[in-house]
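Go by the hints and put chain B onto chain A.
Chain order of the listed sequences is A and B.
Reminder that position 14 of the first sequence reads as 14 in the working numbering, one-by-one numbering, no gaps.
Reminder that position 89 of the second sequence reads as 89 in the working numbering, one-by-one numbering, no gaps.
In short, the hints are calculated from the structure, not lab data.
The calculated lysine to any residue pairs, modelled on SDA-like cross-linking and capped at a C-alpha distance of 25 Å, are:
| hint | chain 1 | residue 1 | chain 2 | residue 2 |
| --- | --- | --- | --- | --- |
| 1 | B | 139 | A | 316 |
| 2 | B | 28 | A | 317 |
| 3 | A | 52 | A | 145 |
Quick caveat, the model's predicted, so the values are computed rather than measured.
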Amino acid sequence: MQYIYSIVKADYLQRTRSYAFLITLAITIYVAYLFVPPVSASYTTLSATGFKSVYNSAWVGYISATMTAVMLSFSGFLLVNNSIKRDIDTEVGLIIAATPIANFSYLLAKQLSNFAVLCTIAVCTFAVSVLMFFLRGAGYPLVLAHFILPYLLFVLPAMFLVAALAVVAEVFLGKRSMLQFIIYFFLCGIVLSSLNTKSTAPPSGFFDPFGVSLVTGSIKNEINTRFHQHIDQVSFGFIFSKRKPFQLITWNGISWTALFIFSRLLWMSFAVALVYLSSFFFHRFDFKKAAGKKKKQPVVMPHDEGFAVIPAGISSAELPPVAFNYSIIPFIKTELLLIVRQGNKWWWLPSIGLSISMLFAPLPIASLYLLPALWFLQVTRLSELVTKEKTNRLHYFTYASYKPLQRMLPAQIIAGFLLAMALALPLVLRYAIVIDGLSIINLIIGALFMVSLAVCMGILSGGKKMFEVIFFLLTYTLLNRMPFADYPGSLPQHHNLVFTGVLSAIILALLLISFAARRYQARHL
Amino acid sequence: MALEIKGLTKQYNATKTGLSDYSITIDKGILGLLGPNGAGKSTLMKIIATISQPTRGTIFLDGVDIVSNPNFIRKVLGYLPQDFGVYPNLNAYEFLEYIAAMKGVGGKDLRRRIDMLLEGVNLTADAKKPIGTYSGGMKQRVGIAQALLNDPKVLIFDEPTVGLDPEERVRFRQLISEMADDCIIILSSHIVSDIETIADEVAIMQSGKLITKGYQHDIIEQARGRIFEVLLESSDVAAFKTCYKVIDTSRQKDRTRVRYISTDTANVAASRPVDAGLEDAYLLLTQHNA
Chain A
1 MQYIYSIVKA
11 DYLQRTRSYA
21 FLITLAITIY
31 VAYLFVPPVS
41 ASYTTLSATG
51 FKSVYNSAWV
61 GYISATMTAV
71 MLSFSGFLLV
81 NNSIKRDIDT
91 EVGLIIAATP
101 IANFSYLLAK
111 QLSNFAVLCT
121 IAVCTFAVSV
131 LMFFLRGAGY
141 PLVLAHFILP
151 YLLFVLPAMF
161 LVAALAVVAE
171 VFLGKRSMLQ
181 FIIYFFLCGI
191 VLSSLNTKST
201 APPSGFFDPF
211 GVSLVTGSIK
221 NEINTRFHQH
231 IDQVSFGFIF
241 SKRKPFQLIT
251 WNGISWTALF
261 IFSRLLWMSF
271 AVALVYLSSF
281 FFHRFDFKKA
291 AGKKKKQPVV
301 MPHDEGFAVI
311 PAGISSAELP
321 PVAFNYSIIP
331 FIKTELLLIV
341 RQGNKWWWLP
351 SIGLSISMLF
361 APLPIASLYL
371 LPALWFLQVT
381 RLSELVTKEK
391 TNRLHYFTYA
401 SYKPLQRMLP
411 AQIIAGFLLA
421 MALALPLVLR
431 YAIVIDGLSI
441 INLIIGALFM
451 VSLAVCMGIL
461 SGGKKMFEVI
471 FFLLTYTLLN
481 RMPFADYPGS
491 LPQHHNLVFT
501 GVLSAIILAL
511 LLISFAARRY
521 QARHL
Chain B
1 MALEIKGLTK
11 QYNATKTGLS
21 DYSITIDKGI
31 LGLLGPNGAG
41 KSTLMKIIAT
51 ISQPTRGTIF
61 LDGVDIVSNP
71 NFIRKVLGYL
81 PQDFGVYPNL
91 NAYEFLEYIA
101 AMKGVGGKDL
111 RRRIDMLLEG
121 VNLTADAKKP
131 IGTYSGGMKQ
141 RVGIAQALLN
151 DPKVLIFDEP
161 TVGLDPEERV
171 RFRQLISEMA
181 DDCIIILSSH
191 IVSDIETIAD
201 EVAIMQSGKL
211 ITKGYQHDII
221 EQARGRIFEV
231 LLESSDVAAF
241 KTCYKVIDTS
251 RQKDRTRVRY
261 ISTDTANVAA
271 SRPVDAGLED
281 AYLLLTQHNA
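The shape of chain B in the complex, shown without the other chains:
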């Protein structure tokens, strides 16, 4: 199973472009989407979820064009949008039954499936209470459960860890990892550490374009030798920031440790190269392509 996206363009109006000639092939496993706000991540996910149409381009799932035949993917799609809502007067159980009806899932085992999903997202005890009384994290977990109702083969998660506490995030990661053997999972997040922990492959986007896609190791490799740390007087940090792309700062008594990107270290005394991470590579690549 593979999702082949070719020349996808989404033009909102003459000046605003969501995606620009975007091509990518997504295989089974977890693909993490990274990119700054407005990079086109949500636009791409909406188009794959068939709720937005591209201006140009095609998306093939197992050889079937889902732009012209959206119901083909809808049967096997699990989608968790970034800003979804719920019917506050329904309880979690009734809500999942409703979503199951939308997905065309029924049968005698539906009840048991919902029970297990609710248990999986730790909501069994509150399943009979109206969703309107739930906290943000609990609603997010209902959203995760609904995405899994139809045994999806394509799972799209747009910012799935928003509102989840650290414990729930761990649980979510475990859940996703387990499902990845059997389906395509596309996941976007602003939290690079989430992507770093979960994703097999990473695609970095900017201004509606794909900058790079590959295994984490290969992407991090692009930042090797370009990430440094230096200890500066706190008063010098502001001036330093005007010359270098600073990734992180941490105060240490009256001095500040600065992590930054540079092509060479010749001009900064006492700098030392450090191991790069995905966040470093992401910032390097998005800065380079800005």
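This is chain A alone, in the form it adopts within the complex:
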């Protein structure tokens, strides 16, 4: 057990001792702040048609915990599903493979370190929720149990499961991160949609890893019983709607049942069982085994040409003269080549399919749903735009190249932009046909924003994760039609030049930060 602890500790420290993690915590604090909106806000995080509770301890504590359980389950998976990959990249895995540690022990340690990282974030949202209770203070007494219990019984078991799923996904899907995301979000979507049952019986929690059905069921019952209503659905998430008058209720939390607590333990056991099962399929850093029967390109062995080849060498006098050409076109060409070759070539099929479908889908569907989904599918390509040199240890060359800031970085930005625009071309054509120039401009600005965000996050954090998580949250909130996330300017209220101007200013700021940070990095290796 001692060595599992040591692995968990080392892994946890490795991940949390980074600027990227600090920025993640800062974003967490901001998002947790949004969980408890002021009365005058244009959004709510829990919607029970026409009803809203006063901001007592129960409401603030439970809503914050519920939102944390759901939102962190989505974004947390993205954040932690690289713990084995890191051991592959750093080649620490080869050392681990040669030690006596059992596959299960290693994977369990990875799950626990994932869990520790997610718990650290959850502790932040917990602290913010208590703070928000006082900030939004309505004079109700603070009942700490209303904060602690939902975090303990909703958030922690959910994070334990997410931590395990991240390990399982890495074991079975290896470096296919996009496939991992898609399968995981598909599963989460099924679970969340199944929670909106119309049953009036108190939920047991056996089919609800997040525990949210207990909260929504309790609120629904409270309203239906006390106000003789027939509400059959309580929604949670960031929900924007026109302000309507609502009736205040006083919701005092839920009554915990032994059955529910047992269901949490069962989910946690299920998580450990998943990790245990996956340990039978773990490659243990033997990639011939991981590749299975798949045809793999063999390592090229040097051609055996004997000593006779030695005198060949290079004669500098015989080399053709060097002609200098400082154009960035060759850079753009190679960046595009790297984008095209990134990942499995079959992954282009969904992108191309979505792109073509934008030609035929109704225009609002194409702009509000298909385009964000299509651009999100490029997340790993975009997140690698400016991070791949460091990941591949090529930054020594790029930083020492001639005018890297004026040539290299712009080429990467242009390549990312060309990718986004090429895929969005069908929608641009549709806008052109209906002579909607402003939408085309908004789309171009949106593509630039997406690329600038990828570049800025990549340069500041030095890795891909931060952009991937932020871009996921952005896409998720955009698909929920939240105005602040509408970077492609698809919502009708953003069909104006003010929006275009504001987004352009943000792009400019992102690019300025990117160039300044890269300038510093290029001289301080």
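What follows is chain B alone, placed relative to chain A:
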């Protein structure tokens, strides 16, 4: 052409110093950098390659300060870092084209130049295969080829022979020797024999400082009369090591031949002075300055 380094200091933090008031003038030819781990060799090379900035000091190339004007040297620089990587999805040809773009090298002859460089490092047959499938030595050869793409006038090689087999090391030495007439080559290696064979001049560094710089002969001269050999009982070697700096040992049946450094031989019976080599001089000088 000369590289003049004056008072170069790299302070990482209050306790860690990479280079300390380092001054040296490097002319055309091959300068071998020797020093133990942490001596500051890579730091010096990174600063010359403009990817790290000194805390203090100047570097002039042909009278131009490259600390404030890094693009001046970048145009004529060939740099092979110690721990470089490649894009595994590109083949050697595409990768060299990419690096050529970074260096601002183009034109109709680029293709032919790349072909010849690949031939020179014995990679022509594998040039169209993804670099991700290459062995360590083959990647190292790609690294050597990229350093030569822009007809460099300043070449920096940080541990260039790592991963190369003996045959490739011979080839590399020949290549370097040929280029030395026309440019400044700075080469660091832990393998003293590599430096001994290739370098015209040698600079020995320790703790961020320059201990000595000169022609190999002059440096070896400093060890003359201080290197000895003695045949000892194998059981006595451990005790001997506590008294003398042992350079090398070789077992001979039940006895051990010990090569060591000493200022005099009076206390060790049957010792005999031997000719010093660069490795002896290096160990003597770094021990003396430790």
